[in-house]
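Undergrad: Read off the chains here:
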Amino acid sequence: MSAGAALAEAADKGNPAPDVNNGSGRRKWAPYVLLLPGAIWLGAFFIVPMIFLLAQSTQTGTFEQGYEQTLRFANYTDALSEYWPQFVRSFVYAGIATLLCLLIAYPLAYCIAFKSGKWKGALLVLVIAPFFTSFLIRTLAWQTLLADNSWITKTLNWLHVTDVTRFLGLTEGDRLLNTPLSVITGLTYNFLPFMVLPIYAALDRMDQRLVEAAQDLYSSPWKSFRKVTWPLSLPGVVAGTLLTFIPATGDYINAQLLGTPAYRMIGNVIDSQFFKILDYPTAAALSFTLMATILVLVGLYVRRAGTEELV
Amino acid sequence: MTTTTREVSAATMPATPQRPGGPVRWLREHVIQLAAAAALIYMFLPIFVVVLFSFNKPNGRFNDKFQQFSLDAWTNFCGVAGMCDSLKLSIAIGLVATLASVILGTLTAFALSRHRFAGRSGANLLIFMPMATPEVVMGSSLLALFVSLGVPRGTTTILIAHVMFCLSFVVVTVKARIASLDPRLEQAAMDLYANERTTFWRITFPLVLPGIVAASLLAFSLSFDDYIITNFNSETTVTFPIFVWGAAQRGVPPQVNAVGALMFIVSLAIIVLGQIVSRRRKRA
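Taken in sequence, the protein lines are chains A and B. Under the working numbering, the first residue of the first sequence is numbered 1, with each subsequent residue one higher. Under the working numbering, the first residue of the second sequence is numbered 1001, with each subsequent residue one higher.
So that you can see chain A by itself, here it is in the shape it has in the complex (with noise of 0.2 Å):
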């Protein structure tokens, strides 16, 4: 999808704005005026969202009765002792699967910047177009495609590729559908654009010649990928990474339609917590928990990789 196109550029280290306001008195205001509606909306909408989520994880209540604030910050200790479970899978899949989005997405990303010719605008058209189809629909595909009775699922039977995943605790049994390695599969096809488009931006404004030169100067092809073409997409990773690791730890559609309740993740929980068992403190402890995790490790990965300007 294009959106990781736009964060791929967004990941460019944005040009410093050009000044064209000369501290004329009226135009000081100008970007206030431009920037206030949007930043209302976020501020009304995002933001403040944000607090009545924080003010909503220390109530106390039922939904009939209505919640009360009575700061029970044991509301968060109480959520995390009893769903650590899914949490911690939530991370872990959503790992498992950028990772398997790294792997499938750089070689093409690779392909596409270098080696498509003139073939490359196709090239980028095909790698987005198959996620323009709805996003449930799509995973009901992966509903179809993983049954038991597929030809995917017999011809890695057959091979005893899946001796191997149920060694690992991926699958169980003959199956595929309704295990680990499905949900997995799920949340690697849905999110790979967003790792794919990111590494692509960045490794087509390298400039070739530097390759050439450290060929030219005796470097195997193999060293001159790991020091310098990997080096150079690293933006692009580290954006693509983001983009993959987020939205899949939040996921609940891949666990749902793909998996089992065995297999939920903290979103299934969050969404349950919320719509059938109505205990909205909990949810809202989870919801919140679950953001500020994401946040210090999103902080901890881009100090740690460098790239600290992504926007």
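Treat the hints with caution; some may be incorrect.
Simulated DEER-style distance windows between Cβ atoms [claimed, not checked]: (1) A:Trp29 x B:Trp1074: 49 to 59 Å; (2) A:Leu234 x B:Pro1183: 22 to 32 Å; (3) A:Gln65 x B:Leu1095: 20 to 30 Å.
Listed next, the in silico EDC-like pairs over lysine to aspartate or glutamate satisfying Cα-Cα at most 20 Å (straight line) [stated by the list, open to error]: (4) A:Lys28 x B:Glu1196; (5) A:Lys154 x B:Asp1064; (6) B:Lys1282 x B:Glu1196; (7) A:Lys115 x B:Glu1235; (8) B:Lys1065 x A:Asp148; (9) B:Lys1065 x A:Asp174; (10) A:Lys223 x B:Glu1029; (11) A:Lys276 x B:Glu1235.
Source of the hints: derived by calculation from the structure; they are not laboratory data. Positions of the beta carbon are idealized from the N, C-alpha and C atoms, including for glycine.
We have chain A; now place chain B onto it with these hints.
TA: Frame of chain A, contents of chain B only:
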């Protein structure tokens, strides 16, 4: 990159004989291409299933095994109760959300890329945050807001949410386009005594327009496809993704596949058309 080096060495050392290559060597040289081809196949597998099963005549409720070729889903497109209504609602919400988020987002993009002001980095962070937040968190926080304030949920709250999450993507897309403009074009217009307003509408805006078009398409597809955030703010309103979710529990009719196939074809047509237009423009 290897091709370039090979060409160079071939040009400088024409005497070097080509080493004979076997299938193993060919495989080794084309590992990346093969991996890319495998990735593309992986990406298209579900699309193939979606299209194929739109021509199926399912035996029973579940459309999971190909039984018999049929055009029923296409000729009797609205034959499933509620599907076309949900589709119409999703398109309407998508159009309004796109219009609103593109207007707000374009203004914001100009503010951020054309001006330096106190709080600019804070504003950048505010734009980035929704993109770095899982949908389930945004959805549940909006639910907390609406429930706490006693706001009834429905089409209006869905629209509010959609404009919110589309906004950031619009800003980023339009900003990237503005950043890629050649400032000399505007300077040239000014040198030729065009005033600021004329320069903006005759030079800047037409140049930014492709970015705005791209942002609109992106916003529409994000809005049209959203399930998670919408579900938190819809109460009983049924958009197309919510219809599909419900259908998934009862068995998905082939008409849903027909919609999926149609979405694929229409968006492909839009992209191809866009590329043709931009190529024509470049030539002109």
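Undergrad: Are the hints correct? Go through all of them and say.
TA: Evaluation of the provided hints:
| no. | hint | verdict |
| --- | --- | --- |
| 1 | A:Trp29 x B:Trp1074: 49 to 59 Å | 56 Å, holds |
| 2 | A:Leu234 x B:Pro1183: 22 to 32 Å | 29 Å, holds |
| 3 | A:Gln65 x B:Leu1095: 20 to 30 Å | 41 Å, violated |
| 4 | A:Lys28 x B:Glu1196 | 16 Å, holds |
| 5 | A:Lys154 x B:Asp1064 | 16 Å, holds |
| 6 | B:Lys1282 x B:Glu1196 | 26 Å, violated |
| 7 | A:Lys115 x B:Glu1235 | 50 Å, violated |
| 8 | B:Lys1065 x A:Asp148 | 11 Å, holds |
| 9 | B:Lys1065 x A:Asp174 | 19 Å, holds |
| 10 | A:Lys223 x B:Glu1029 | 16 Å, holds |
| 11 | A:Lys276 x B:Glu1235 | 13 Å, holds |
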